[in-house]
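Go by the hints and put chains B, C and D onto chain A.
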Amino acid sequence: MTQPLVTVNDLRIGAVTDAGRKVEIIRGVSFEIAPGEIVALIGESGSGKTTIALSLMGYTRTGCSITGGQITLDQTDVTALSERKRAALRGTEVSYVPQSAAAAFNPSKRIMDQVIEITAIHELMPKAEAEAKAVDLFRALALPDPEHIGHRYPHQVSGGQLQRLSAAMALIGGPKLVIFDEPTTALDVTTQIEVLRAFKSVMQQGGMAGVYVSHDLAVVAQIADRIIVLKGGEIQETGTTEQILTHPAHPYTRQLLAAFEPVPHVSFQPEAKAVPKPILEVIHLHAGYGAIRKGEPEIKILKDVNFSLERGRNLGVIGESGSGKSTLARAIAGILPPYQGGILLDGQELRGDLKRRSKEQLRKAQIVFQLADTALNPAHSIEQILGRPLAFYHGLKGAAREARVKELLDMVRLPANLRHRLPGELSGGQKQRINLARALAAEPELILCDEITSALDTVVAAAILDLLKELQRELSLSYMFISHDLSTVEAICDDVLVMLKGEVVEALPAARMSAEAQHPYSRLLISSIPQLDTGWLAQLEQDLTLVAQFANR
Amino acid sequence: MPKSLLPWILVSQRLGIALLTLVIVSFAVFFATELLPGDVAEILLGQAATPEAVAGLRTAMGLDEPAMHRFVGWLVGLAGGDMGTSYVNKMAVSDLMGGRLVNSLRLAAVTTLVSVPIALALGIGAAMWKGSMFDRVVSVATISVISVPEFMVATLAVLIFAVWLGWLPALAYGANVDSWGAMLRAYAMPVITLSFVVSAQMIRMTRAAVIETINTPYVEMALLKGASRRRMVLGHALPNALGPIANAVALSLSYLVGGVIIVETIFNYPGVAKLMVDAVATRDLPLIQSCAMIFCVSYLSLITLADLIAILSNPRLRR
Amino acid sequence: MTKKTPNNWTGRDDALVEGMIRRGASRRELLKMLMASGVGMAVGGSLLTRASQAVAATPVFGGSIKAAGWSSSTADTLDPAKASLSTDYVRCCSFYNRLTFLAEGGVTEMELAESISTDDAQTWEIKLKSGVEFHDGSTLTADDVVFSLKRHLDEAVGSKVNSIAKQMTEITKLDDTTVKVVLAAPNADLPTILALHHFMIIKDGTTDFTTANGTGPFICEAFEPGVRSVAVKNPNYFKGNTVYLDSYEYFAIPDNNARVNALLSGDIQVAASVNARSLRMLEGQPSVATSITTSGNYTNLNIRKDLDPGMKEGFIEGMKYLINREAIQKSVFRGLAEIGNDQPVSAANKYHNPNIAPKAYDPEQAKFYFEKAGLMGTEVPIVASDAATSSVDMAMIVQQAGAEIGMNLKVDRVPSDGYWSNYWLKAPVHFGNINPRPTPDILFSLLYTSDAPWNESQYKSEKFDSMLVEARGALDEDKRTSIYWDMQEMVANEAGTIIPAYISNVDAISSNLKGLAPNPLGGQMGYAFAEYVWLDGAA
Amino acid sequence: MMIERSNAFVIPTPKRLGYSFNWVGRVGLAVILFWAVVAIVGPWIAPHPPGEIVDWDYFGPVTADFWMGTDYLGRDIFSRILMGARYTVGIALASVVLACAGGVILGMVAAVIGGWFDMILSRLLDAFNGIPSLLFGLVVVAAVGSSIPVLILTLAAIYLPGSYRFARALAVNVNATDYVTVARARGESTPYLITREIFPNILGPVLADLGLRFVFIVLVLSGLSFLGLGVQPPNADWGALVRENIEGLSLGAPAVIFPSIAIATLTISVNMFIDNLPSKIRDRSE
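Those protein sequences? They're chains A, B, C and D, same order as listed. Everything in the first sequence is counted per the working numbering, starting at 2 for the first residue and increasing by one. Everything in the second sequence is counted per the working numbering, starting at 781 for the first residue and increasing by one. Everything in the third sequence is counted per the working numbering, starting at 40 for the first residue and increasing by one. Everything in the fourth sequence is counted per the working numbering, starting at 3 for the first residue and increasing by one.
Just so you know, the hints here were simulated from the structure itself, not pulled from any lab data. Beta carbons are placed, not taken as given, at the ideal position from N, Cα and C, and that holds for glycine. Don't take every hint at face value.
What the hints assert, rightly or not - If you want the footprint, here are the derived chain B segments under chain C, 3+ residues with CB under 8 Å: (1) 874-888; (2) 905-917; (3) 1021-1028; (4) 1048-1057; (5) 1062-1073.
Stated by the list, open to error - Here are the simulated DSS-like cross-link-like pairs (lysine-lysine), alpha carbons at most 30 Å apart as the crow flies: (6) B:Lys870 / C:Lys189; (7) B:Lys910 / A:Lys23; (8) B:Lys870 / C:Lys449; (9) A:Lys278 / A:Lys470; (10) C:Lys166 / C:Lys351; (11) A:Lys232 / A:Lys304; (12) A:Lys232 / A:Lys470; (13) C:Lys499 / C:Lys406; (14) A:Lys110 / B:Lys870; (15) C:Lys242 / B:Lys870; (16) C:Lys166 / C:Lys389; (17) C:Lys219 / C:Lys278; (18) C:Lys344 / C:Lys449; (19) A:Lys86 / B:Lys870; (20) C:Lys205 / C:Lys406; (21) A:Lys201 / A:Lys128; (22) C:Lys389 / C:Lys351; (23) A:Lys86 / A:Lys134.
Okay, chain A solo, but in the shape it has when bound:
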């Protein structure tokens, strides 16, 4: 084996919390990266994968500092360098592709100026030459109109393009090591494929080494040579991609892989089969935002949506960003009054406007949002959060309410003493459970779940899905489950609606989705889901015109 490009030896990184407490977030991590090798850092949020990746550039975020160990990059001890020398490394020896290119591009400067900035900072080449090199990179990254795309501003290109442009930005200085920090996490699945392909091809051509940070094993499987599994700032397991996928040694790795196992959904059968009325029926629903002129809003989102959801069954709504799936949930919940069409809840017509719905109607349908962080009032204790709907809908007070709060916590498998905490003191999964418990407190018949597992780590998300299923059995609930992730939907739903640009393009039973979907867009969506197979991306054949037609780029 040749001399490794990067050697990390017993790296320790400390952080100071807001309360002034010192904690160690990276606890003695050691690994090597050979030249030209792509190593993936895998782990859930808080595992320290991004912190490690950034430390390879000699950089730690505010409040963090390297407290021990060495990082050797091409025979230079990065940890021992002055800030000025470290700056000299960045962009030339090691460069960075950020998680969200949309945020990492300066909104007020042209793309080209930002892409070639590294050459200006390090005085690598004349401007004209740098621009020519950038255009070559744009071409290599399969960007449309490579000659002129650099003259635009960041907001004028799509997310997928921006992500590829950020790769160009990282590659312009000819680095030996490129760090990819979850570069596709924020993208839609169909877009993700193109970006992954582009990355893979430029990395192969340039023979550069890479560090690929991700929480998604399936994505990593497509691009990495080796995988390092992290948890709590420590390495759990290291191995080649093949090895990790097929013969995981560590239990945590197995747990990660298990979350990918498809769980066939067993339909819940309500006892009283005789109920004829569907719990939810949506007829010719139209909704949108903006100033209303002639009874129609300026920006129309939902166009003529029809479906019905039988009691005790679950409906999945899938689609990519901008498809209108969240708008649909909001329209049903009354947060965004539709301007046309009708909604029937349990056979009763719901008025568009919240204020004109009865308390009983509001109680029956509850909505749960994606981000538990923002969905729970940070100033209220858990007891207050759960107690309010109890008091509001059911008039519960005092001891009765407290007892019920305990019951609810138990229902979502949380300890009762959690009720005295504030949301900020809980973990992400706990918060999402509270979020769910609050909906349950209303004793609803229908829960609208808006991407409730998307922000969670795979293992935690799987647990939440299990909980949902259990609750359904116990409480005869119906779910309307909104997600961009087909596998999640398949795991819990009986029926699936595929949405595109505000319209329902296909409605199918979930079980037959993969096999029988007819609409080209549905097929594209299904085929774009990464598989736990190292050869999947290479073998994937997609109709490029189809991609161009539907992909959100």
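What follows is chains B, C and D alone, placed relative to chain A:
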């Protein structure tokens, strides 16, 4: 609608709102003044105000007409560019105000030229080297400056520079500001005083705005490209902090037209603020109105200008 | 209470200087006195030394100065009928002339009038000087005088002396240089009345006062109300080449401190009417001198006799004992005032009655009277304002004195803006401020007769009214004096106006400005300084 | 029962939310508390009544009897500062609380109701902002004279629009959060949304803003006394003390220096306190 029109629609919207605001303010000011005890006739006669004399003068000045009537008359005149005639000395308000408005604007302009670059430099510098000695010195200095009453600063400045050192004249306004040097000397003290007053807030806001943008991913990205601290701040953070900075600067500068009454008094500088104080004291309605309009217009135009800068510095709104 | 520091106006020095000022002594006399008695070198001696030089030096022609008054606004006017602030008076004195004027020592002298004669003090004949030219080149005629006097009777003009002018029932031109004035009743004071600043002579038919067309020593070159005026020497002045300054600029710096600082820094040469407290700052400054004028200006505490609590027997009496005149003179005016005896004719006036003793500060006596009035324990508001000079400070001294005997006086400080129309004359207990007037007749008819427009305490006495008419018509000087002395006694004992002190006016000037002398009509040489001063060292 | 109650309304104390104060902030807080105590007990510890002339001398030096010298009338400055604390601190506090309460309530209502109400209120208050504050003070003086309630209301009126703007911007952000949406979808009334959901979450930045405005009000208060709108004599706020003794500045009189120091210590310590508030509180203001 075509996208290129967007900024113009935003601008014309702002202007329309500004115009409406002006009318509201003039109405409020007019009737607030009407409510004040005593009218111009009583005030003019002062100690000689016997009831008969007041009644006579009132009739002679046309103050018997209903208030609404006079207000509408004034408004109509204003629309035609006529600001009316002072009750007190029968001069056209525009003549009375012309010279003093120029004075006020000149003082404001000089102060702006001095204070804005200094304030921005200090604010940006403090943000750039956040937590450094420089940052601490700047923040302690700005805190001290906002903590001292304006008249104290002005009086101290006069004592030190005019009385003890004799470097600068104690009065800002003299007939002979014929040379640049003389003008510089004459303006030095009011400008120093006012700069003290307006800079502190600008420095604080600039620092906050820049620090906020420094914490964005794209500035972190610049750092990860190997950019120097200077490049990160000036090249990446600053252009995106322009909107809030412009807003803070506008708010501070709006003080320079109407809020400088103390400086005008201590340096005997004939500007519009003192004019309005006089006008209120003599209940000279047309003059009060016109001054209020001037203040309002300057405030609104500064705010609108700041909005415009925010729009123009943001490519998303610009195109 | 008897702390002494070397730089303080206290004790013997104090009394001495006060006594001198009371008698209207010039500064030269004062200085001589102080030197002779061997005291007071520290007591502003340097001030007096420098001031004394003003009289000694030889006048020099040429030069320009800047002078600052203390009040100015857009209401500044060049119309003498409307003149109300000192700033206006200064300008009017420069651009216009009166028929007569009041010289040092209170003597009435002729200015535009050649002579003013009467037999019965009712019908007067005014003979004008000939060859007097207005700034526009026209010659002064009787028409101008008739126009100038008659406009005070027109209410639309808004003249400040409308009530005084009303006694002139007939104003007619006899020939080009003679005017006949007939009064409603005899008044021997007419020549002095005509010396009031408002009776400046303007060109016949003048209605535009954006500039001034008069006969005065200076020509108006620029005038911006509330900002400044520039006056240049009138080459055709009828008194001949008596004006020393080539030009002067006049404006106001309302802030006392700023005015003093401007003088100290040499930006101005005259800082009119500076606060007595500023004197310590001026001491030891070789570039600055002061001019102290004792005139009849006073700030008085008025108690209306027709309202509660003034109508309660004993309250006014009690207040007269409660007011600590010495404290006011020493603390508020820093010695630059003389103790008053509750009547408006000051020592600067030749009719002043020196036999009326000011009431001594006697809290026990005051308490006795308040108990008599049944007012102990009730709250009595005293309205004061910055508009009436030093009234807030005076009010606080009375309040503190009241607190010590358990009398609850509440100081109600109201804004100066609008004070004269809203509080003065109206509030039951309030402060006023009266500018100096040249004659007891004007003072009494403005302030104390039953029909007086500014009867501050609503004092009504038929006897007093008839005595005033009698004095007016009396051409015999001794008889008038004795009537006026009696009237002063009546006011001091019966009216509700407490006049604790007559305030001296201190003008601070640059030490190379000479020729400034006191004048009974007020500070700044009765506002006419520009005509008389010169700049030492001006080529 | 009582225990349960207290559990139901957990106060989000700084400690629970993970904040701590550094020493600069603590020093600031200590000075603020010191002046607050003086404001309360001032009248009892002042050696002389504020209006008593204790010395024929004026602008007297610091002596054993008069710890901070005497003023232009020969009154004891030490006593006057002690008495003035009550007015300076009290008036500034009352007006800032009033301004912020008004501004915050209006701001939250505008943010929640939105639409025309928000638009018109914002415009009106913006227009009001266009009138220079000292001139506004002047008109008030002329119209209704000066008393402590008038003073407090005037200052509150001057600072209300700014507070409104600030609170509205915060409330608009909070109003768009999911937890408010959830509460709204639950069918909660507007008052509930404002008081229970939004208010607790803008409280931190609002308090920080309140502190800054307090400093400005202390200074504007002294500016207003310049125009004649101030505390009734013989009492005076600190700004007025500086103002009435400013002639002593050139003499280096303690009468002007000590009140200035009093103002500076108060304003600087409030600033120190606010600037060193834990970032968690301040950052939410952005």
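Checked hints:
| no. | hint | verdict |
| --- | --- | --- |
| 1 | 874-888 | holds (count 3) |
| 2 | 905-917 | violated (count 0) |
| 3 | 1021-1028 | violated (count 0) |
| 4 | 1048-1057 | holds (count 4) |
| 5 | 1062-1073 | holds (count 3) |
| 6 | B:Lys870 / C:Lys189 | holds, 21 Å |
| 7 | B:Lys910 / A:Lys23 | holds, 22 Å |
| 8 | B:Lys870 / C:Lys449 | violated, 42 Å |
| 9 | A:Lys278 / A:Lys470 | holds, 22 Å |
| 10 | C:Lys166 / C:Lys351 | violated, 53 Å |
| 11 | A:Lys232 / A:Lys304 | violated, 45 Å |
| 12 | A:Lys232 / A:Lys470 | holds, 28 Å |
| 13 | C:Lys499 / C:Lys406 | holds, 27 Å |
| 14 | A:Lys110 / B:Lys870 | violated, 57 Å |
| 15 | C:Lys242 / B:Lys870 | holds, 19 Å |
| 16 | C:Lys166 / C:Lys389 | holds, 27 Å |
| 17 | C:Lys219 / C:Lys278 | holds, 24 Å |
| 18 | C:Lys344 / C:Lys449 | holds, 19 Å |
| 19 | A:Lys86 / B:Lys870 | violated, 75 Å |
| 20 | C:Lys205 / C:Lys406 | violated, 45 Å |
| 21 | A:Lys201 / A:Lys128 | holds, 27 Å |
| 22 | C:Lys389 / C:Lys351 | violated, 35 Å |
| 23 | A:Lys86 / A:Lys134 | holds, 25 Å |
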